[in-house]
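Peer 1: Sequence:
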Amino acid sequence: MLRFNIVLTSALLCFGCSAANKDTATAKPSGDQPSTADADAPGNVVDVAVGAGQFTTLATALTAAGLVETLQGPGPFTVFAPTDAAFAKLPPGALDKLLADPEQLKAVLLLHVVSGKVMAADVAGLTEATAMSGGKLPIDTSNGVKIGGATVTTADVPASNGVIHIIDTVLLPG
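Note that the numbering used here has the sequence shown beginning at 1, numbered continuously upward.
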């Protein structure tokens, strides 16, 4: 079912598959899931995101929230990574306010991560995912893929400890 060299931790959005309920993605502790590392990937989710050059705001936020080490861990993680352009769409002052409140920032960032490695093809038939923050994210596959209202603009970016899906909007708690 349905994670910079600042270190990304388990804070972006990962997606764990549950055989018991195919309608809901649930977060599970990464230690409970087998490693599905991509040996050919250029690095962990943090390294891959930093190398892409379009996630500097995310990297700054992950560092401020203390999540870099987590996302460099074994995973696997599925991270829904908002670009710098996605962060620029936040209301004026919202990012500064989040950066000044590490606990709130951590909650927002963990909304972008689900445990497990979930490829785009795996989301067919899913209606929601449970983020590592505990928040529920609706999934809509009727016209492309949307997670929590954000459009997945690039899917299935491989990392050694999971996969990254690039999104166009920062996910915020409801």
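Derived by calculation from the structure, the hints in this document are not laboratory data. Each residue gets a CB set at the ideal place from its N, CA and C atoms; glycine is no exception. Hints should not be assumed to be uniformly reliable.
What the hints assert, rightly or not - Okay, the calculated beta carbon distance ranges per label pair:
1) G149 <-> Q104: 34 to 42 Å
2) M119 <-> A85: 34 to 42 Å
3) A124 <-> G174: 33 to 41 Å
4) Q104 <-> D84: 33 to 41 Å
To be verified - With a cut-off of at most 27 Å between alpha-carbon atoms, the simulated DSS-like pairs for lysine-lysine come out as follows:
5) K136 <-> K89
6) K89 <-> K146
7) K146 <-> K136
8) K136 <-> K97
Peer 1: Now look at each hint and say whether the structure bears it out.
Peer 2: Status of each hint after checking the structure:
1. G149 <-> Q104: 34 to 42 Å: 19 Å, violated
2. M119 <-> A85: 34 to 42 Å: Between M119 and A85, where Cβ atoms are some 24 Å apart, the hint is violated.
3. A124 <-> G174: 33 to 41 Å: Violated, at about 24 Å.
4. Q104 <-> D84: 33 to 41 Å: At 20 Å between Cβs, range violated.
5. K136 <-> K89: Within the cut-off at roughly 22 Å; holds.
6. K89 <-> K146: Distance ~17 Å between K89 and K146 Cα, so the pair holds.
7. K146 <-> K136: Distance ~13 Å between K146 and K136 Cα, so the pair holds.
8. K136 <-> K97: Since the Cα atoms of K136 and K97 sit roughly 23 Å apart, the hinted pair holds (cutoff 27 Å).
Going through the hint list in order, the structure does not satisfy hints 1, 2, 3, 4.
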